[in-house]
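All chains, please: the whole structure from these sequences, using the hints.
Here's the letter readout for the chains.
2 protein chains.
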Amino acid sequence: MALIVQKFGGTSVGDHERIQAVAEHVARTCRDGHDVVVVVSAMGKSTDDLLALADKVSTEHPAREMDMLLTAGERISMALVAMAISGQGVEAASFTGSQAGIITDTDHTRAKILEIHPGRLRAALDEGKVPVVAGFQGMSTEKDVTTLGRGGSDVTAVALAAALGADVCEIYTDVTGVFSADPRVVPKARRLNRVSFDEMMEMAATGGRVLMLRSVEFARRHGVPLQVRSSFTWEPGTWIVEEDPTMEEAVVSAITDDISEAKLTLDGVPDRPGVAATLFRQLAVRGVNVDMIVQNTGTNGLTAISFTVPKTDVDAAREICDAVAVEIGATNVTTDTGVGRVSLVGAGMKSSPGVTALMFETLYEHGINIEMISTSSIRISCVVRAEKVGEAVRALHTAFGLDAA
Amino acid sequence: MALIVQKFGGTSVGDHERIQAVAEHVARTCRDGHDVVVVVSAMGKSTDDLLALADKVSTEHPAREMDMLLTAGERISMALVAMAISGQGVEAASFTGSQAGIITDTDHTRAKILEIHPGRLRAALDEGKVPVVAGFQGMSTEKDVTTLGRGGSDVTAVALAAALGADVCEIYTDVTGVFSADPRVVPKARRLNRVSFDEMMEMAATGGRVLMLRSVEFARRHGVPLQVRSSFTWEPGTWIVEEDPTMEEAVVSAITDDISEAKLTLDGVPDRPGVAATLFRQLAVRGVNVDMIVQNTGTNGLTAISFTVPKTDVDAAREICDAVAVEIGATNVTTDTGVGRVSLVGAGMKSSPGVTALMFETLYEHGINIEMISTSSIRISCVVRAEKVGEAVRALHTAFGLDAA
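Residue numbers (my numbering), protein chains in the order written: chain X, -17 to 387; chain Z, -17 to 387.
Just so you know, the hints here were simulated from the structure itself, not pulled from any lab data.
Below 30 Å or equal to it, Euclidean Cα-Cα: the simulated DSS-like pairs (lysine-lysine) are:
| # | chain 1 | residue 1 | chain 2 | residue 2 |
| --- | --- | --- | --- | --- |
| 1 | X | 27 | Z | 38 |
| 2 | X | 111 | Z | 38 |
| 3 | Z | 125 | X | 94 |
Not close to chain Z: a few residues of chain X, all C-beta gaps over 10 Å, as computed:
| # | residue |
| --- | --- |
| 4 | 15 |
| 5 | 87 |
| 6 | 109 |
| 7 | 254 |
| 8 | 373 |
Ideal Cβ placement from N, Cα and C applies to all residues, glycine included.
This is how it looks when you write it as structure tokens:
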């Protein structure tokens, strides 16, 4: 008998039939002798509907009120899921983030969980009930309703699993697991049975769309085994676990792609200490999310600094670059929104020196120019033209032997 | 400068344009120098939509989960109204029933307010903000989310007005006030400028659809002046206040009608003590809401007992009557769903003995047979055939001089 946290995303509870399917699955898990805590997102597109209403009502959207509005979505889905589980003959009780004891900071619309007091959930479990908890939400230290930002429901699930000492946190979604590449880009992509937390974090950070970096980090820090599964097929999905040193590792586990970022370049930058610090401090102050950074060794005492940011941050970043360029005497600022990134991720890469070479050769053979390179011990990322990303991912998937038989 | 509680019903916040109109009105009241606390219902038909979803998802509807589900409705409207008020340049902050300190018993779907701790609302007012409070909901002594049942948002508004010592509680709805009769039945019905709590309670109890009995009782008990107004025209509505002994009272203020009830009759009932007690105790135990009761003096030691119940309670009432009839030896039970009730309400009736006679004469002249009669000091109700109710109301409206010029 295990304690299992089962998290169901928006598509998994998208309509009444999906909710009934979820309830059947939860009831079956209970009948198999396990204790279950359910975490739910808002139904399908309901969050979008609420956002559209807010836009119609006012141009002023105080963050505190947006959180109050959006948390109505999970309130609906959690009550419906609890009813549907009751309809399966298993007692269930729904809990808001506040009732589940999820205490956050006061940073509305992107709050961080500070602590969890799961007393009411434990009491419900002790009474033989299935607690159904609203994902994505909590209560701030000021006793206001908060939301946890993008991917927040996964964070709720992982954090509850950690707080309750659950044996596993199952993330149910609309795909059957984590793949060796995005199946829409690479038809021959394979589902992975098992990836390490480190690999999953690199994948999440470089375009993997199944899990947000934040929840994987949280799971690794607290040692919560994750399983990503489909609520449509219920087949076993992908385990995300601590790396097991006794096992042989795949050199490359997955190829990820990402065309959501833009590249900015400052040319003719005086190559002296403190220049990069000035730039990136100001970007940080403005809340611009910088991802890759590349600085070449300069000639003639001049260098170039390139970095990527989410396309939504391009205007803010450009403004700062223009100002900093004047301040430090850079000659030129360019913005490029036509870039994409392709990344190799694999825990076995650490001990396989030929990976970088094969990656570059493969891209060269396909006539794909590399504009920026950045590496970690288990990842290599290349920035290329956005329109070449699909071809690059497919070519690398084949070259590294990942294609399904 | 006054403290005003403004309550807006479902049609008043039915869409984004209505919400903006409400926000403008609230902002104008603030600019006139008043402090405002807003109470809102769920938007238009949103509660019906949620109920339909619950039916689709499961046949099991635990009351606790229904409350969790339905309270999502006000959460949406209150956040939107707060945003819209902010859009008018007036700071606003929304509060759930729990955050507003509304503590109820644990009787889910029809909880009663036990106490109110309006500390957060006072703090918001002190900071110059407009608190926007979810109507219809509270938090139970078990820290679960509860709803207050039908007319619950009005109760919230009145209770908050009492707890905050507000100068007036304004109830905004889709009619312009309280009328001398239902304008759909009597085209010549007039809006009343002023009715007493007692009159309003009798009207609410006999088919007046503007306010529920419960909120009027609450307002009278706590001395909260009520004003019923339209959020569509914003014209001055009807004041509901303590009777003022110095003023001349209208003999009859309003004629109400109600065809929502059915009549049950037990014939051949042995006329001995305890018989009525047996019957009405069992009806009470089953939660059947008995309204009018008439028992005739019997002949031959036998009597007849008739009473009315909401049509929704007819089956339960019939079952009990059949069982009790056997127990007490009554000869016959009949159910009649074709009845209606017409009532005269007026505080001046107490000192005008001719009212009853004029009522009966008027009905007689129109060939309308009276099946049951019940009176209070300021009300006379007659049960007649349902299809005669409209004609009866119009005739009485004319006979008592209520028709608009």
